[in-house]
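Novice: Residue strings, one per chain:
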Amino acid sequence: MKSPNHYSSEPGNVSSSMTPMIDVVFQLLIFFLCTASFKLTEQALPTTLPPLGAAAYKPPPEIEELELIRIGLTQSGDELHIDMNGNACAGIDDLAGRLRQLMALANLPAVLDVSTEVEIGHMVAVYDMCLAVGLKDIHFAAPDR
Amino acid sequence: MTPMIDVVFQLIVFFTATSTMVKTEVNETVALPVAEKGQNQQTTSQKKKVTANVLADGSVVLGGRRIGVAELQDILSAELEQRPAEHIEVQFRADRKAPYGAVEPLLLVCAKKGVWQVSFAVSPITENR
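Protein sequences appear in the order of chains A and B.
Heads up: take any position in the first sequence, counting from 1, add 120, and you land on my numbering.
Heads up: take any position in the second sequence, counting from 1, add 8, and you land on my numbering.
Everything labelled a hint here was simulated from the structure, so no lab data went into it.
Here the structure is a predicted model, which means the values were calculated and not measured.
Note that CB positions come from ideal geometry on N, CA and C, so glycine has one too.
Mixed in with the good hints there might be a few duds.
[To be verified] Stretch by stretch, here's where chain A covers chain B in the computed footprint (C-beta under 8 Å, at least three residues):
| id | segment |
| --- | --- |
| 1 | 14-22 |
| 2 | 67-80 |
[Stated by the list, open to error] With a straight-line Cα cutoff of 30 Å, these simulated DSSO-like cross-link-like pairs (lysine-lysine) come out:
| id | chain 1 | residue 1 | chain 2 | residue 2 |
| --- | --- | --- | --- | --- |
| 3 | B | Lys-45 | B | Lys-56 |
| 4 | A | Lys-256 | B | Lys-105 |
| 5 | B | Lys-121 | A | Lys-256 |
| 6 | A | Lys-256 | B | Lys-45 |
| 7 | A | Lys-256 | B | Lys-55 |
| 8 | A | Lys-256 | B | Lys-120 |
| 9 | B | Lys-57 | A | Lys-256 |
| 10 | B | Lys-56 | A | Lys-256 |
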């Protein structure tokens, strides 16, 4: 009995099964799935700290109070209290409205005086609102202690 | 072609076992505050980024260990020996419930060291929030 000829006698009739390549793709898929890491999208809110040589932003005495916006933040429980230049604000929206009125007159620098008990989320919300109304010169007040 | 699959599989296992897992500074337990004016972080920045995670209880974690003001001072001093302050950025990944008092002394340290590039990590506002 003649043994079967593994080689085709007809030229050009060479075929190879693609089925094993599927395993290669499968292995590569598993590799990339295991090494992939899913991260939540994060952004950054840049801040500007005081100039070089100064431990805190302290405006010169000759600058009148109206030329500087001091935003005070305190918190009691979950309630945030906001005041602007000593005047209490009803909330962030009220502060935003007052800031827009001031910004329409002049581009003033602002100082955020945040109490230690205030949550970072509230502080960021106020800072974000200041950026939204167009304040560009925002500083953090240093503690007196 | 069948034996080639084993070769590919061995190569994949080899590179998976020997690849270096990059330690990320991201602490997933931190719930970031939301902000509208957050800026996308530049991945091609030449600045050295020092990332400090501030947990909800006020503790500060950097490089996988809790640190205080003195440790951050030492870290910034070491970085300033290698590069100018303009090439150093400090990012605070602070939990939205963390007290500002936990971050305030760190901001003071950055200011005293002359590191002005400070940012707070925030999550963008989405419709689901």
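Novice: Against this structure, judge whether each hint is valid.
Specialist: These are the hints, each one checked on the structure:
Residues of the segment 14-22 of chain B lying with their CB closer than 8 Å to a CB of chain A number 3, which satisfies the three-residue condition for coverage. Check result for the segment 67-80 of chain B against chain A: violated, 0 residues qualifying (beta carbon to beta carbon below 8 Å, three or more required). A hinted pair counts as satisfied when its Cα atoms are at most 30 Å apart, and Lys-45 of chain B with Lys-56 of chain B qualifies at roughly 23 Å. The hinted pair formed by Lys-256 of chain A and Lys-105 of chain B meets the criterion: a straight-line CA distance of about 26 Å does not exceed 30 Å.
With a CA separation close to 23 Å, the supplied pair Lys-121 of chain B and Lys-256 of chain A stays within the 30 Å bound. The suggested pairing of Lys-256 of chain A with Lys-45 of chain B holds, with an alpha-carbon distance near 12 Å, which does not exceed 30 Å. For the hint linking Lys-256 of chain A to Lys-55 of chain B, the alpha-carbon distance of about 22 Å falls within 30 Å, and the restraint holds. Taken as a hint, the Lys-256 of chain A and Lys-120 of chain B pair is honoured in the structure, with Cα atoms around 22 Å apart against an allowance of 30 Å.
A C-alpha spacing of about 23 Å is found between Lys-57 of chain B and Lys-256 of chain A, which places the hinted pair at or below 30 Å, so the restraint holds. Note on Lys-56 of chain B and Lys-256 of chain A: the hinted pairing holds, with a Cα-Cα distance of about 25 Å set against a maximum of 30 Å.
The structure is inconsistent with hint 2 alone, although it conforms to all the rest.
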